[in-house]
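A.B. asks: Listed here are the chains, written in short residue letters.
Number of protein chains: 2
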Amino acid sequence: MENYISTKLYNTLTKRLEPLLFSKEEKIGLYVCGPTVYSDPHIGHARSAVVFDLLVRYLRYLNYKVCYVRNITDVGHLTANQNENEEDKIIRSAKKEQILPMEVVQKYTLRYHDALEKLAVIPADIEPRASAHIPEQIAWIEKLIKKNYAYVVNGSVYFRSQKYRQKYANVTFFKQKIEKLTESEEKKIKNREKESPLDFALWKLAPPQHLMRWDSPWGVGFPGWHTECAVMASHYLGIPFYFHGGGHDLCFPHHECEIAQMHSHSNIAPVKHWIHHGLVLVNGVKISKSLANAVSLHNIFRGNHSTLRQAYNPMVVRYLILQSHYRKGMQFSNQALQIAKKGYEKLVNGWFYLLQNKPTGIINNTVPSTAIDRLLQITNSFSTILNSDLHTPKLFVAMFNLISNMRKMEKKNISIINLPVQIWEKIANNYIRFFQDILGFRIPKTPKMLNIALSWYQQAKKNKENSTIDRIRSLLQKENIHIEDRIKSDHSWRYSIT
Amino acid sequence: MENYISTKLYNTLTKRLEPLLFSKEEKIGLYVCGPTVYSDPHIGHARSAVVFDLLVRYLRYLNYKVCYVRNITDVGHLTANQNENEEDKIIRSAKKEQILPMEVVQKYTLRYHDALEKLAVIPADIEPRASAHIPEQIAWIEKLIKKNYAYVVNGSVYFRSQKYRQKYANVTFFKQKIEKLTESEEKKIKNREKESPLDFALWKLAPPQHLMRWDSPWGVGFPGWHTECAVMASHYLGIPFYFHGGGHDLCFPHHECEIAQMHSHSNIAPVKHWIHHGLVLVNGVKISKSLANAVSLHNIFRGNHSTLRQAYNPMVVRYLILQSHYRKGMQFSNQALQIAKKGYEKLVNGWFYLLQNKPTGIINNTVPSTAIDRLLQITNSFSTILNSDLHTPKLFVAMFNLISNMRKMEKKNISIINLPVQIWEKIANNYIRFFQDILGFRIPKTPKMLNIALSWYQQAKKNKENSTIDRIRSLLQKENIHIEDRIKSDHSWRYSIT
Chain A
9 MENYISTKLY
19 NTLTKRLEPL
29 LFSKEEKIGL
39 YVCGPTVYSD
49 PHIGHARSAV
59 VFDLLVRYLR
69 YLNYKVCYVR
79 NITDVGHLTA
89 NQNENEEDKI
99 IRSAKKEQIL
109 PMEVVQKYTL
119 RYHDALEKLA
129 VIPADIEPRA
139 SAHIPEQIAW
149 IEKLIKKNYA
159 YVVNGSVYFR
169 SQKYRQKYAN
179 VTFFKQKIEK
189 LTESEEKKIK
199 NREKESPLDF
209 ALWKLAPPQH
219 LMRWDSPWGV
229 GFPGWHTECA
239 VMASHYLGIP
249 FYFHGGGHDL
259 CFPHHECEIA
269 QMHSHSNIAP
279 VKHWIHHGLV
289 LVNGVKISKS
299 LANAVSLHNI
309 FRGNHSTLRQ
319 AYNPMVVRYL
329 ILQSHYRKGM
339 QFSNQALQIA
349 KKGYEKLVNG
359 WFYLLQNKPT
369 GIINNTVPST
379 AIDRLLQITN
389 SFSTILNSDL
399 HTPKLFVAMF
409 NLISNMRKME
419 KKNISIINLP
429 VQIWEKIANN
439 YIRFFQDILG
449 FRIPKTPKML
459 NIALSWYQQA
469 KKNKENSTID
479 RIRSLLQKEN
489 IHIEDRIKSD
499 HSWRYSIT
Chain B
9 MENYISTKLY
19 NTLTKRLEPL
29 LFSKEEKIGL
39 YVCGPTVYSD
49 PHIGHARSAV
59 VFDLLVRYLR
69 YLNYKVCYVR
79 NITDVGHLTA
89 NQNENEEDKI
99 IRSAKKEQIL
109 PMEVVQKYTL
119 RYHDALEKLA
129 VIPADIEPRA
139 SAHIPEQIAW
149 IEKLIKKNYA
159 YVVNGSVYFR
169 SQKYRQKYAN
179 VTFFKQKIEK
189 LTESEEKKIK
199 NREKESPLDF
209 ALWKLAPPQH
219 LMRWDSPWGV
229 GFPGWHTECA
239 VMASHYLGIP
249 FYFHGGGHDL
259 CFPHHECEIA
269 QMHSHSNIAP
279 VKHWIHHGLV
289 LVNGVKISKS
299 LANAVSLHNI
309 FRGNHSTLRQ
319 AYNPMVVRYL
329 ILQSHYRKGM
339 QFSNQALQIA
349 KKGYEKLVNG
359 WFYLLQNKPT
369 GIINNTVPST
379 AIDRLLQITN
389 SFSTILNSDL
399 HTPKLFVAMF
409 NLISNMRKME
419 KKNISIINLP
429 VQIWEKIANN
439 YIRFFQDILG
449 FRIPKTPKML
459 NIALSWYQQA
469 KKNKENSTID
479 RIRSLLQKEN
489 IHIEDRIKSD
499 HSWRYSIT
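Quick mapping for you: the protein sequence lines, in order, are chains A and B.
Counting from 1, position 152 in the first sequence corresponds to residue 160 in the working numbering; the numbering is continuous, with no gaps.
Counting from 1, position 179 in the second sequence corresponds to residue 187 in the working numbering; the numbering is continuous, with no gaps.
Hints may contain errors.
It does not matter which identical chain is meant; a pair holds if it fits inside one copy or across any two.
With a straight-line Cα cutoff of 27 angstroms, these simulated DSSO-like cross-link-like pairs (lysine-lysine) come out [to be verified]:
{"hint": "1", "residue 1": "Lys416", "residue 2": "Lys336"}
{"hint": "2", "residue 1": "Lys35", "residue 2": "Lys115"}
{"hint": "3", "residue 1": "Lys280", "residue 2": "Lys104"}
{"hint": "4", "residue 1": "Lys336", "residue 2": "Lys402"}
{"hint": "5", "residue 1": "Lys366", "residue 2": "Lys470"}
{"hint": "6", "residue 1": "Lys416", "residue 2": "Lys434"}
{"hint": "7", "residue 1": "Lys103", "residue 2": "Lys35"}
{"hint": "8", "residue 1": "Lys104", "residue 2": "Lys35"}
{"hint": "9", "residue 1": "Lys280", "residue 2": "Lys175"}
Don't read these hints as lab results, they were simulated from the structure.
Since the structure is predicted, the reported quantities are computational estimates derived from the model, not experimental observations.
The whole structure should be built from the sequences, with the hints applied where relevant.
C.D. replies: Below, the structure is given as structure tokens:
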């Protein structure tokens, strides 16, 4: 790859930008904490999915092999931590909707998948469910008990945090936060079963009304949320693995508790690189179920929400997400969507502009070499920008810059149609690769867009430009649009009905 | 419901048509054996999915509550039964594709879901995976051992078929077939572990190279295919449950072995009603992986197969499947698809014809009461026909009959536009309900169709026909097409990009 500059990403554990230290031969593990499937997916879920989709797409574009594991939490995620009134989120929804817990899981897993598909998020390679790994979790806890890192009280098992902290004191995200927690929790400690307020449940005794329960060496119960991710990540990726990701709010206690378990279990620092994305602010306020501001994705796509002034194409939502740097907070509002809509349309128009101005080989007006150099310079900057901690907002600026440079040239009567073909191809291919393969945008399938693309196709057919024909075909195929050549000059669209 | 005639369905166990004996208050369980997700879904999978989709849609239309469970087999389905060289299908694919078994499962589960979505199949309510129910299967087998219906040999557990047959001799599908099997197997018996050739594995000792394995009281192993379905069905639906379905090829040994286990386990006849659909013949030959004639669904939708002369809309495939009665063999070929395409288009045109000829209230030419009676009679026959063992081919004939009657009237200058509005509504609503809600067809989303529908919409808007406007909106909403009213007389389509 030309102009290849090694990618650097911010590691939340070491708090600095770090180069990726793996080869293209090995398979790189990425574990991301997926949703608890008890209600409709919202903009917060979309951000996590799109951010890690970008990472996976980019690593694959750089020819790295990735095994992307993102779990489905279907049991054990309780409504309130450290609280005796806690309730399993799935079970609460099941009671509310008067269906079985596994019907809740199926319903919202499908909605989550559907929303991600609309957002053009590539599916994870493995999508393990917590309830599907009970034997693995029991074996995991048994080993921790054996190593004295866990203890059994009244049918529940707790992790002995103090022992872990004595041995591996420096391997934490938020040392201060823990100390703080210790003080405050010490006073209001409710759970008398724990040796220390820092301890957390690996396995919980199931109360009689608990609908999802399994036999264990400690009685009938269910796994703790922190156990699930630690076990599924280790099971599929092995310890150590390279990347672990999630929202910034998961750093503590969830990821802290994962590190503690995996480290104690294996004696190895379990994860090389931690990636956390920033949170979403809906109209300036943090998403919260109780605040009812968690706008569902399907409602955004349909414009069904009091704060939205119209329905938004999923690609606009994808743009909105990538418009913020992944580590920053992200604003969600009707106004932010309006700005994102303009940005996305600008990128699409750039794509169309490039395709419509493919050089014919007949040069009417030579493009000055300074202009060519400028276009190539911007083109080459795309990967440099992403290599620096996946800086998508800067990438958008560069792409807009490329477009505005081309349009400025046109004003001086030097259209890119006059570029040497191989220069045009370099610019166009790179633009399309970043737009479609790496940023993951789809072309809008409106009748207008289809007609534009069809007319290009017909023209290319007429002129027998096979490479252009192939390009248009392959670009559209990714959108599930297939061109059928029937008889000469009678081409037609066929959509897959989806 | 007018003209309500109780539904009768064929029960494969009793070999006769039986009325449905449940109330609208109780939740009816339906368990269907789903795919083993080791390769692309083919026309055989589509038939099973569409047939049971029709059943569920019809039961729900009749206001019955259904809990539809269809499993995903992700472990334990071996390439050859009763053979020492047998290999797990998922593991074989994992080795071939050089990915983890669970990556195979994810890949083909997603392809299966995608194909079903294209075929407008409503998702199952619960979709349990075999590997996700290891503790339940171990507990199940332990109980069978305790009741002396199973025995352990060298780390594997076998079901003691003779004991079951002595106790419950009459509860089998294919008594003769078993006797035959006994004779022939007796001679070539290879598995020396079994007490009798009729016995089958509930749990198999895992050879060292087996990638999917779990601890059990009998050693490290994996569950047998027959165990999985029996356990998952019982777990989610409880014994007894009402419906169990699958392809006719599953009757023996799979369903036979399920009945045996569930009956022995619970002492109760486990399933009230067994439904089996006929098999698919591809160009006259039974589907077989070794014959490589299992045309994948995505290849049908894209026209990527040597025997197909074009790509086919998934709705044409759905029509093809419903064109055969579900218990009969079904022919799949390019020619059959061509015929199905014509049939589907005829149904769509009937739908358009009805909508385009909504009475205005101004009657120019009175429709004779005999003609009205004839139209109502045909309309009422739709549910009568489905009530008789879901006879979709006869339903298509009736729907065509309705359309041709309307067209014949037109030739005599008596268009249905002259019908009393409530008669038209009865006919149109019933047609649309059967076409869209029960048979589950989607409207093709071609630009031509969209333009037709848009022009109706505009007309209805102009004439302020609010009920027509609502109907068009709601019909199209089901297809994920939303009409946006921007400014007066400027309506436009918005597709969800899927």
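A.B. asks: All hints are to be evaluated individually against the structure, with a verdict given for each.
C.D. replies: Tested hints:
Within a single copy, Lys416 and Lys336 get their C-alpha atoms no closer than 33 angstroms, and across copies no closer than 68 angstroms, so neither meets the 27 angstroms cut-off. In the homo-oligomer, the alpha carbons of Lys35 and Lys115 lie at most 27 angstroms apart only across protomers (17 angstroms), although the nearest pairing inside one protomer, at 33 angstroms, exceeds that limit. Taking the shortest Cα distances, Lys280 and Lys104 never come within 27 angstroms of each other, neither inside one copy (41 angstroms) nor across copies (30 angstroms). In this assembly of identical chains, the alpha carbons of Lys336 and Lys402 lie at most 27 angstroms apart only when taken from the same copy (13 angstroms versus 61 angstroms across copies).
Proximity of Lys366 and Lys470 under a CA criterion of 27 angstroms is satisfied intra-copy only: 15 angstroms inside one chain copy versus 44 angstroms between copies. Proximity of Lys416 to Lys434 under the C-alpha cut-off of 27 angstroms is restricted to the intra-copy arrangement: shortest distance 20 angstroms within a copy versus 62 angstroms between copies. Taking the shortest Cα distances, Lys103 and Lys35 sit within 27 angstroms of each other only across copies (16 angstroms), while inside one copy they are farther apart (42 angstroms). Taking identical chains as interchangeable, the C-alpha atoms of Lys104 and Lys35 lie at most 27 angstroms apart only when they sit on different chains, with a minimum of 17 angstroms there against 43 angstroms within one chain.
In the homo-oligomer, the alpha carbons of Lys280 and Lys175 lie at most 27 angstroms apart inside one protomer (19 angstroms), although the nearest pairing across protomers, at 60 angstroms, exceeds that limit.
In terms of the numbered hints stated before, the structure departs from hints 1 and 3, listed from lowest to highest.
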